[in-house]
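Those protein sequence lines, which keep their order, are chains B and F.
Each residue of the first sequence is one higher than the one before, counting from 58 in the working numbering.
Each residue of the second sequence is one higher than the one before, counting from 2 in the working numbering.
Examples of chain F residues toward chain B, derived with CB under 7 Å:
id, residue
1, K46
2, G146
3, K163
4, E217
5, A220
6, Q237
7, P290
8, P464
9, N471
What the simulated footprint calls covered on chain B by chain F, stretch by stretch (three residues with Cβ under 8 Å from a Cβ of chain F suffice, anywhere in the stretch; the number is not a length):
id, stretch
10, 146 to 156
11, 211 to 217
Below, a list of computed lysine to aspartate or glutamate pairs in the EDC-like style, where the Cα atoms sit at most 20 Å apart:
id, chain 1, residue 1, chain 2, residue 2
12, B, K105, F, D164
13, F, K354, F, E474
14, B, K217, F, E299
15, B, K105, F, E157
16, B, K118, F, D164
17, F, K473, B, D92
18, F, K561, F, D316
19, B, K105, F, D137
20, F, K232, B, E227
21, B, K151, F, D218
22, F, K139, B, D117
23, B, K143, F, E233
24, F, K279, F, E299
25, F, K279, F, E240
26, F, K521, F, E94
27, B, K217, F, E288
28, F, K221, B, E148
29, F, K214, F, D168
30, F, K104, F, E252
31, F, K457, F, D368
32, F, K163, B, D117
33, B, K143, F, D137
34, B, K143, F, D218
Worth flagging that the hints you see were computed from the coordinates, not collected in a lab.
Bear in mind that the values here come from a model prediction, so they are computed numbers and not experimental data.
In this text, a Cβ means the ideal position worked out from N, Cα and C, and glycines have one as well.
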Amino acid sequence: MNIIVYIIKRILYAIPVFFGVSFLIFIMFNIVAGDPTIMLLGKYATAKQMADLRHYLGLDKAWYLQYFDILKSAFTFNFGHSWATKQLISEMIKSGAKVSLTLSLPSFIISSIISLIISMISAFYRGKWIDKFLVLICVIMMSISALSYILFGQWILAYKFGLFPIEGYEYGFPFFIPYIILPCIIWIILSTGSDIRFYRTIILDELYQDYVRTARAKGLSETMIFCKHILKNAMIPIITNLIIQIPFLILGFLLIENFFGIPGLGSIILDAINNSDFPVIKAITILTASVYIVFNAITDILYVILDPRINLK
Amino acid sequence: MKNFKILLGTLIISTLLILYVKKNRTSNNIKKEKVLRNVVSSKVKTFDPTRSNDIYCARQIAKIYDTLLEYDYLERPFKLKPSLLEEMPEISEDQLTYTFKLKKGILFHRDECFENDKQRELQAKDVIYTLKRMADVKTMSNSYGYIQNRIKGLDEWRRKYKDGNADYDEKIEGLQELDKYSFRIKLKSPFSEILNIFVLPGYSIISKIAYQKYKEDLAKHPVGTGPFYIKEFNPQSNEIIYYKNPDFRDEYFPTHGAAEYQEMIDKYGGKKMPFVDKIITKIIVEESPKWLKFNNNEIDYMNITCHSNLKNILDETSTDLKEEYKAKGLDLLVAIGQSTNFFCFNNIHPLFKDNINLRRAMNLAFDRETYKNLFFTKIDKNAQSIIPPGLSGYDYNYKNEFCEYNLKKAKEYIIKSGYYNKKIPVITLETGTSIKDRQKAEFLKKCMREIGIEIKIQTNTWPAIANKINKKEYMMTKMGWYADYNSGKPFLDTFYGHNEAQGLNYTYFNNEEYNQIFEKTAFMRNMKDKDRAFQKLNRIIGDSLPVLFLFHTAHYIIKKSKVKNYLYVTFIYGNEKYVDVVS
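Based on the sequences and whatever the hints tell you, model everything.
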């Protein structure tokens, strides 16, 4: 099968997935979640007032019309206004995503580089003390909760030693830099443990393949085998893992953003949940699902491009 | 590699530079101006008063906007006084017509929406516009509920424009503009609480011109008449900076008040307010960074809500700080909040309906002292009924015999409830999602097990609980009620059987005697009569036990001694104008 045909096919597959996801979101927010007018109008609201507001918000329309509104908003990127802050939701998402990326992107890049290097060292020295030590450190890092790192970082590094601001954020480059250093460090610590373990397993998997034995039989050096053959093959699942993480970068890290007062998308989501701000939650859910579908498709396509063993049929 | 090194070096240098500049900038500012630094524990969603719907927004809005009336800061018991008004409104004999006169020369903040100072002056048309906007369906105002079905013609106007295209020029019988500074409100029936309502920040007066220019953006571009103004606001931001309004009217610190505030009166009485030049309000949701910032001298005062932090700083009496904290120059303010917490029963559920003995047994079996030790402090006051201390209707002599922990008596009442040797159906408790909600629910479960009642804990989001209450599909849930203003009425409202509002009578309590007295209170102008009637209603609630009473919780505010005149009262907003910061 031609690669172009495969790509078109993969995109077409994504369409029913998108409809399915948007329908689920519609059921979750418009049917299961109940009547939002109670929350919007407060304790003194009468049935009449609630009916008026339901009418104004279009909640008394037929279900398929309400579902159509969701689809329309997803395609036009016009999600309307937030119920809580009255801001344009698309603007909120744009500004929140930008802030989240100032934190998540450097963390992601640095943690990925560190994880790759350490996992390669660990796999190269498999079974030796250095490998065991690195694995032990990874397990310890993974076992400690995010909250502990945050509290420790804020208490010791920020408050006691005064190395970083305790919390806060300033918009615009380079003013945000001092505020994101500590959250970035915590993010890196949190993500490297599991990433190292994952990448190490992938590399080790490749170590026992036939082609490695063949290379050894041919008399190639261990370093040559590792760098030229093993790494090349191990890169496919590693790249997949990295690409799959990208959509989540715009969402930020809910806990870190909340504790450090970083006004990113994670913090917007949390506020929206606390305020029952359905339009915002709905918009972010649709957006995340859409981006996830797109990146999933990209990963599949990349798989085909990078790994000639995958049969298009 | 070389490029990478250059990039890394630039990053490090720029970071150090920013930190240095920021440090200098802050310290220079503090030297020049009187700056008050406080904190708010929740995101501030809006600066549009008509649309604000929580106490956090209300406290911020009150710095920028003004209401028609306000409570005297230092008078106890609390007393209403004019704020934007020249004098207290004139009330007709039949209590249906209220005539208001605005102070002349009150100016809205300087803003590009005004062409000249003449346009900036507060006028009666602004008040009428504010009230109409509140009634407009499109505004989705939480505050409208207080005046619904009260003002002649306003509800009809709202219904007429329920599609959202309201005609603000249309005359409404109950809202009349008499001249530039006077207006009249006509009520459908007497409603003596209306003046208290005009104190709420949701009833702050907005400028018609400003709204017409900014529309939805008024939420982030407030134009008020208050003591402070802001330059810009972003709802996602974690800081709000308020500046002293140079055109704020001549308002002076009170020269009279309760004896306990005499020192403040002696020192500040008659001085022009506000005292501080700038307020920096940090928005920090989590307790630990808030606490660290306070200790790091970045915040001047804060409300402590974390139980473990409280336990760490309070001495054995729970009313004062430990010596080590006093030595740091810190003060503690303790105020019994005008709030009541309780677990409520669905009084139309077959299990609770007409079974006062079961409700008595459950109240008696609840170990309030242990509960208090676990989740609160010694100073939180056990609730005997619904109205909290300090509000009209609170009865200092009333002691509810069923709010005392007595297992033996509780078991006797279980027998009386008709469940002797009979299994009591499992009671589902609808509770919130937080750890604390769960812990409190577990405690109730433990207590009720002692009298043979099984509690099933069901966790929900707040909208889900509200939905269940609305559909009457719940058995028990946990609730709290805060005083909106200085009256027991909002508390009593929640038990009025003919209540039209969905979210109000969530216990579905319906007592004929109670309903009749409650209806009569709307006509009462004499405060003593009203207080007596509220006391009677409060006793009916206490005796009928439609809820399992818990506490009137205390508020703890820790502050630096340099902060002067700060008082905490649940329903007094905008107290920053009275506060001074001394070096």
